[in-house]
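Novice: So you can see what is in the structure, the chains are spelled out below.
2 protein chains.
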Amino acid sequence: MQQQWQPEYADRMQGMQASEIRELLKVIARPDVISFAGGIPDPDLFPRSEIAEAYAQILKDKDASARALQYSVSEGDPDLRDWIVGHMAMRGVPCIPDNILITSGSQQALEFIGKLLISKDDTALVAAPTYLGALRAFAPSQPNYDTLGFHQSNRSAASYTEAAHANGGRVPFAYVVPDFANPTGETLTLEQRHDLLTLVRDIDCPIIEDSPYAALRFDGAPVRSLQALDVEACGGIDASRVIYCGSFSKVFTPGLRVGWVCAKADVISRLTLIKQASDLNSPAINQMVMAELAKTLYDQQVAKTIAAYRIKRDAMLAALEAHMPDSIEWTRPEGGMFIWMTLPEGADTAQLLERAVNEIGVAFVPGHAFFADKSGRNTLRLNYSLPSVAQIETGIAKLARLLGA
Amino acid sequence: MQQQWQPEYADRMQGMQASEIRELLKVIARPDVISFAGGIPDPDLFPRSEIAEAYAQILKDKDASARALQYSVSEGDPDLRDWIVGHMAMRGVPCIPDNILITSGSQQALEFIGKLLISKDDTALVAAPTYLGALRAFAPSQPNYDTLGFHQSNRSAASYTEAAHANGGRVPFAYVVPDFANPTGETLTLEQRHDLLTLVRDIDCPIIEDSPYAALRFDGAPVRSLQALDVEACGGIDASRVIYCGSFSKVFTPGLRVGWVCAKADVISRLTLIKQASDLNSPAINQMVMAELAKTLYDQQVAKTIAAYRIKRDAMLAALEAHMPDSIEWTRPEGGMFIWMTLPEGADTAQLLERAVNEIGVAFVPGHAFFADKSGRNTLRLNYSLPSVAQIETGIAKLARLLGA
Chain D
1375 MQQQWQPEYA DRMQGMQASE IRELLKVIAR PDVISFAGGI PDPDLFPRSE IAEAYAQILK
1435 DKDASARALQ YSVSEGDPDL RDWIVGHMAM RGVPCIPDNI LITSGSQQAL EFIGKLLISK
1495 DDTALVAAPT YLGALRAFAP SQPNYDTLGF HQSNRSAASY TEAAHANGGR VPFAYVVPDF
1555 ANPTGETLTL EQRHDLLTLV RDIDCPIIED SPYAALRFDG APVRSLQALD VEACGGIDAS
1615 RVIYCGSFSK VFTPGLRVGW VCAKADVISR LTLIKQASDL NSPAINQMVM AELAKTLYDQ
1675 QVAKTIAAYR IKRDAMLAAL EAHMPDSIEW TRPEGGMFIW MTLPEGADTA QLLERAVNEI
1735 GVAFVPGHAF FADKSGRNTL RLNYSLPSVA QIETGIAKLA RLLGA
Chain W
1375 MQQQWQPEYA DRMQGMQASE IRELLKVIAR PDVISFAGGI PDPDLFPRSE IAEAYAQILK
1435 DKDASARALQ YSVSEGDPDL RDWIVGHMAM RGVPCIPDNI LITSGSQQAL EFIGKLLISK
1495 DDTALVAAPT YLGALRAFAP SQPNYDTLGF HQSNRSAASY TEAAHANGGR VPFAYVVPDF
1555 ANPTGETLTL EQRHDLLTLV RDIDCPIIED SPYAALRFDG APVRSLQALD VEACGGIDAS
1615 RVIYCGSFSK VFTPGLRVGW VCAKADVISR LTLIKQASDL NSPAINQMVM AELAKTLYDQ
1675 QVAKTIAAYR IKRDAMLAAL EAHMPDSIEW TRPEGGMFIW MTLPEGADTA QLLERAVNEI
1735 GVAFVPGHAF FADKSGRNTL RLNYSLPSVA QIETGIAKLA RLLGA
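Chains as they are written, first to last, in our numbering: chain D, 1375 to 1779; chain W, 1375 to 1779.
Just chain D, with the same shape it has in the complex (with noise of 0.2 Å):
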């Protein structure tokens, strides 16, 4: 018999780990855990006929049909293109179809922009917590980190700067979800927005602005976009050092797999070398569905989306203040899908999951998978766009008593 292969994996693969979310949606699949886990959209809220009419329609042309069942060009559909330019244009972001790309959700475009522009030793700057898919996907770019503070950090440009040198490379870029963010709920205000884009700017490096969330704002005033507001200080998008990234995930399906990126064209293209160098293209038979939602059923969407996840946040609000014990604090979210809870320092929010599990069956994400330096111990991640208001009542009563109420 030959010998056997015994792999030899590249040195980026020791920075990649299994996310403990993606493995814990597996195991909290149990019909009897009530689970605010996932960052998963309430599937009821699909327009499940209106895609599937789209197919249909689609499908039946001869000529259409052809285009979406073939290769397609790696910028992504043109209609599609169109309507994101409309859409940045309304919300303050000027451009044309060469600022836009569409990617296979935001997690593609998120780990593009990490094959883009982190060498080796650089030292990217995320907030602490941030979305763990950001961290997963910079991953096989292997970068350091440092924490981008926005409650009246004393941390100077300079600071990051010789932080990053001392690591051995430059700041490649800040990360910032600013909208609702994953996993906090909390929204940057218009002058934390202004501060971050002076120290990008003192830095001189580019900011990925993630905003998947933007559009489910259940009340308050919307804060505009830090690409709109560095677009118009510094005269366009060409010049912008702000890269969008955007998802109809959240407001449609996460399942036809559609995001977008909007940045200056040069940005663009090179991304769109990676996108081909990656797969070539995404579905066009999808991106040709996502452009027909989006031209008929965006606003009505978007509306019925927020009335829905209005209703859950409040009763998870409600509940969370009836129930909780005094030491226990947690963020009131204006929009998007997830509250984040501080417990006492000494708490360990991994142990608690495995009893919650275990004795109430009930699952949450704890807190230290959000920190890149696995911090946070005693924080957890609370989704409340998935389980029912039953379930919301239920769940954080009974975990309440799990904490001690």
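Just so you know, the hints here were simulated from the structure itself, not pulled from any lab data.
These figures come from a predicted structure and were not determined experimentally.
Hints may be right or wrong, so weigh each one.
Copies of the same chain are indistinguishable here, so a pair counts whether it falls within one copy or spans any two.
Said to hold, decoys possible - Derived DSBU-like pairs: lysine-lysine, alpha-carbon spacing no greater than 35 Å straight-line:
1. K1436 x K1772
2. K1678 x K1434
3. K1678 x K1494
4. K1436 x K1678
5. K1436 x K1494
6. K1748 x K1494
7. K1669 x K1494
Mind docking chain W on chain D? Use the hints.
Specialist: Frame of chain D; chain W shown alone:
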């Protein structure tokens, strides 16, 4: 006005340029050009009504559509993985779903395998010419290249290893398209396959078997896959050093972007981490549609495609035979989509392409695009799957006249 941003890109971007083929595809979209350039299936063969029916069935069912439109597992749709397990077993590779990862076409599989295996300064082994999409897919991982010879090569395993060491790294893998290769149309003989397996065992590196065309054999007897040969020799898939990439793009449609990797379970679990970080999962709805097509239509669709492409290959070979000058050579493929042409030494097919497009309205791909070292300037690739028989006859006759026949 604030400062404008001047991007500094990561080191790896130096190796990433626009694909000449994909840029070419845009230019030659003129309807008056007869194109032998793309590597594109004939859209008349797409099983359009069956695809429409599969989408409709999924989307009219509440539970199926909730799965189809939601986030999904990174490994891929369970039904589709099960079908692929059966498909691989019939081709001499007994395996289980843990040996299968669904990817967004085999382009994505190649990019992931590059990430998994290539460390900086490694030297990958590729044929000359080779599939240029593979060179693009590996580029972000920044390998060097050395040339695999199949025709009585006198290169020893030690010579490859020493050359890789001289470049400062290892041999991370050999890469080959053994059946109806892109770009040459050639198929490795059983003896060449055994020699190749001996070589990679001696080097002790894995081998990537990229096999999107294997099902499309028009005549002659099938040759066993490298993976089947190695699995038999070493006792099972989990001992094998062959990483097999399969695709539905050439049999059903490239538009759904569904391919797969079959390899030892440890490799698949790490590729799954890469998938998760890259785009979370391929669209579940497209995978469910592909599972339905595969289960109900695979053999029939293969037979239909073979029948259509055999006629086109025969037409192209007959036209070449009838019109081309004696100084020009070409391959006679037993399947797949391509014929490879070699002009006399000193010819430059890049210059020829410009004349062919402008003077006679015929396009092809200059051969140097398929060489890691950009040699082969007297070669070119002809595709016969997309043009009609009439276009093949007219286009080849015109090209022959341009070449002085």
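Novice: For every hint, state whether the structure bears it out.
Specialist: Here is what the structure says about each hint:
Only between protomers do K1436 and K1772 lie at most 35 Å apart by alpha-carbon distance; the minimum there is 30 Å, versus 56 Å within a single protomer. In the homo-oligomer, the alpha carbons of K1678 and K1434 lie at most 35 Å apart both inside one protomer (29 Å) and across protomers (21 Å), since each shortest distance falls under that limit. In this assembly of identical chains, K1678 and K1494 lie within 35 Å of each other by CA distance neither inside one copy nor across copies; the values are 45 Å within and 50 Å between. Within a single copy, K1436 and K1678 get their C-alpha atoms as close as 34 Å, and across copies as close as 19 Å, so both meet the 35 Å cut-off.
Neither within a single protomer nor between protomers do K1436 and K1494 lie at most 35 Å apart by alpha-carbon distance, with minima of 48 Å and 47 Å respectively. Taking the closest pair of Cα atoms, K1748 and K1494 come within 35 Å of each other both inside a single copy (22 Å) and across two copies (28 Å). With identical chains, the CA atoms of K1669 and K1494 are never at most 35 Å apart, being 42 Å at best within one copy and 45 Å at best between copies.
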